[in-house]
Structures are given as C-alpha cells and as structure tokens.
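Asks: Residues per chain are reported as follows:
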Amino acid sequence: MAGLGIPAVLLFGLPKSRDVQRKHGVGLEEAQERIFDRVCLVDPRNDDPVQFRAMGWSRSRLRSVISEFHHRPVLQFAIVTSPNSVVSDTEPDTATSRNSASTRAIVLVCLCTLTGAAAQIRIKYGTNHVTQPGLWGYIRNLPLFVGLFLYGVNTVLMVMALRQGHLSVLYPIIALTYVWVTILSPMFFVDHLNVFKGIGVALIVGGVSLIGIGSRQ
Amino acid sequence: MTTPFSSMLLVLIASFIGSFGAVCLKSGADRLEPGFFHMFRSWRIFIGVTLFLASSAFYILGIKHGSLTVLYPLVSLGYVWTLIWSRLFFHEAFNRYKLFGLALILFGVFCIGLGNR
Chain A
1 MAGLGIPAVL LFGLPKSRDV QRKHGVGLEE AQERIFDRVC LVDPRNDDPV QFRAMGWSRS
61 RLRSVISEFH HRPVLQFAIV TSPNSVVSDT EPDTATSRNS ASTRAIVLVC LCTLTGAAAQ
121 IRIKYGTNHV TQPGLWGYIR NLPLFVGLFL YGVNTVLMVM ALRQGHLSVL YPIIALTYVW
181 VTILSPMFFV DHLNVFKGIG VALIVGGVSL IGIGSRQ
Chain B
1 MTTPFSSMLL VLIASFIGSF GAVCLKSGAD RLEPGFFHMF RSWRIFIGVT LFLASSAFYI
61 LGIKHGSLTV LYPLVSLGYV WTLIWSRLFF HEAFNRYKLF GLALILFGVF CIGLGNR
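Which chain is which? The protein sequence lines are A and B, in order. Taking this note's numbering, I'd label the letters of the first sequence as residues 1 to 217. Taking this note's numbering, I'd label the letters of the second sequence as residues 1 to 117.
Hints may be right or wrong, so weigh each one.
Stated by the list, open to error - Using 25 Å as the maximum straight-line C-alpha spacing, the simulated SDA-like pairs for lysine to any residue come out as follows: (1) B:LYS64 x B:SER6; (2) A:LYS124 x B:PHE100; (3) B:LYS64 x A:PHE149; (4) A:LYS124 x B:LEU12.
It should be emphasised that the hints constitute simulated quantities derived from the structure, not laboratory data.
With the hints as extra help, turn the sequences into a complete structure.
Replies: In structure tokens, the structure reads:
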C-alpha cells in the first residue's frame, strides 16, 4: 500500500467519528461495507483496546478506517484518505471492463428509447382511435395495451442498463425518445417535420453523443 | 397561446417526481442480485416505477393546456435534477461532456417544442 505513495490525510477526529457512528449506526463489519466500495485489507492492530484497520476504495479514493472496540462493539473511526481521485483508475483490468459495461448500458438505453417512442406512438394512436364510448372503449383498445406493454419492456431495459452504468450518463440519453417520436410521428399522424424540429433532433443527438463520449474518457 | 401557471407547476412537479423515480430505479438496480427476475421483487424498483407513473399523471394533466414551447423545456429540467441527484446520492462526478451534452439536449428539446407549436 505504501508503494502507491499515498500521503495520509486525517479526514476527521473523534467528534466527527461519533457523528458517523450515529448516522450509520452500524458495527465495524457493516461500516466497512457501507463506507467502502471495495475493501482491500483488514488487519487487527492491537488487542487492548481492540483496534482494526480496514483499507479500501470509497468514492474512487483509497481510504483507511481505524476503528476501536470498547465495551460496545463499535467506537471510533479515523479515516485516512488519499488526496486525489486518480488512484483507483490506475487498475487497467477494471477500467476496461467498466468501459465495456458502460457501452452495453448505453446500447440498452438506446434500445429503451426506441421502445419508449413506440409505446408513446401506440398510446397516442390508441387514444385517437377509440371505437366505443366510455371506459369499455379504452379497455378493448389493442394499440393502447400494446403501448402499455411496451412501456413495461422499456422499464425492464432501463433497469438492466442502470445495473451496468451511471445514472448521470444513462438518464439524459432517454432524450433520444424525443428524436424517435419526432421522426416517426409523421408516418402515423397528420404531422410534419419542420426546421425547428430538425434542429432540435440534431442538437439532442449531438448532446447524447457527447455524453456517450464523455463516459468513455 | 399563453401557458397557465398551473400547467407549468404540474409539469415541474412531474419532472421532479420523475427524477426521483430514476434515483429509486438506480438504487434498486445497484442492489439486484444476478438473475433477470429479481427486478420484479425489488421494492426500490417498485417505488421507482410508481413514481414514474405518478410523474406521467402530472405530466398529462400539465400538458393539456398551454404551449409546448414553454412546457417541454420544463419537462427536460428532469435531466438536470437527475444529474444533481446522481452526484448527491451515487457520487457520480460531473464532467465537461455531461454538462455540455445536457445543455445541448435541453436546447434541442426546446427547439422541438418550438417546432410542435
């Protein structure tokens, strides 16, 4: 660990430690899980009072927690952390696998925008073509049901994507739905493309591409 | 066409609720065990979907009256909220690409709203 050349910075002392303990309300084992994304090292420091040091990655920094056990199972934390966030990205294996995972997630969200657009168009089509009056007309309306079903598929795809990627990258990509709806709706409704819509579509595609490129940097 | 304040408020509420729906979906998705069917049993995802449904209800009510030129950009504010929540709750970093890309998207949505008049 020392080989990484990490200047130790004491983040907080006892008052803050108590604060963390109060907020998390958990013992050392659980605290490690909650504070760290990945734990690298846990070692007992001494027996009386019982002290443990745990070291791991948290919010892309290497941090170390020293906890002391008194009468109750949990006590103090001293968190030592690396000064910059570059460290965790030096691991090439996880970096490449994370990249491909995020690409997969982006492809999934793009698919999800297609089903979302199809759902919107089906629902709009369904509500425009209600054959019978009243609630029964809506219940027997096939396009409406297809639309709702597609929304379900849309949500499932979204969850699958969110498992593998960042929310801040994936969520704005949903704006592609506007693009599909704008392009496709002249085929189904009395609707025309115009200059504003064209510019809007181009801007959204540009914005989504930028976010996609940014997620690979 | 003037846009009533109530419509703007409804759409704004919709974007706000929707962004929390996304947060619930993400926190549910992060906790899923491997396997496809687990997502149907996660209460976080259930809450996320419920929030999305609530958000669409507000959205439909809001978009009934008023001009899309005003309302579409308000809806797309949801992307801004989500960016803030993802930093706050999931510690995802902002970067230049995200911010600039989002600005382009917001402007694009505004243009489509203009085109839909």
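Asks: Starting from B:LYS64, check that the Cα of B:SER6 is at most 25 Å away, please.
Replies: Distance of about 11 Å is within 25 Å: holds.
Asks: Quick one, are B:LYS64 and A:PHE149 close enough, alpha carbons at most 25 Å?
Replies: holds (24 Å)
Asks: Holds or violated: A:LYS124 and B:LEU12, Cα atoms, limit 25 Å.
Replies: holds (22 Å)
Asks: Verify the proposed pairing of A:LYS124 with B:PHE100, using a straight-line Cα cut of 25 Å.
Replies: Distance ~32 Å between A:LYS124 and B:PHE100 Cα, so the pair is violated.
In summary, the one numbered hint that this structure violates is 2.
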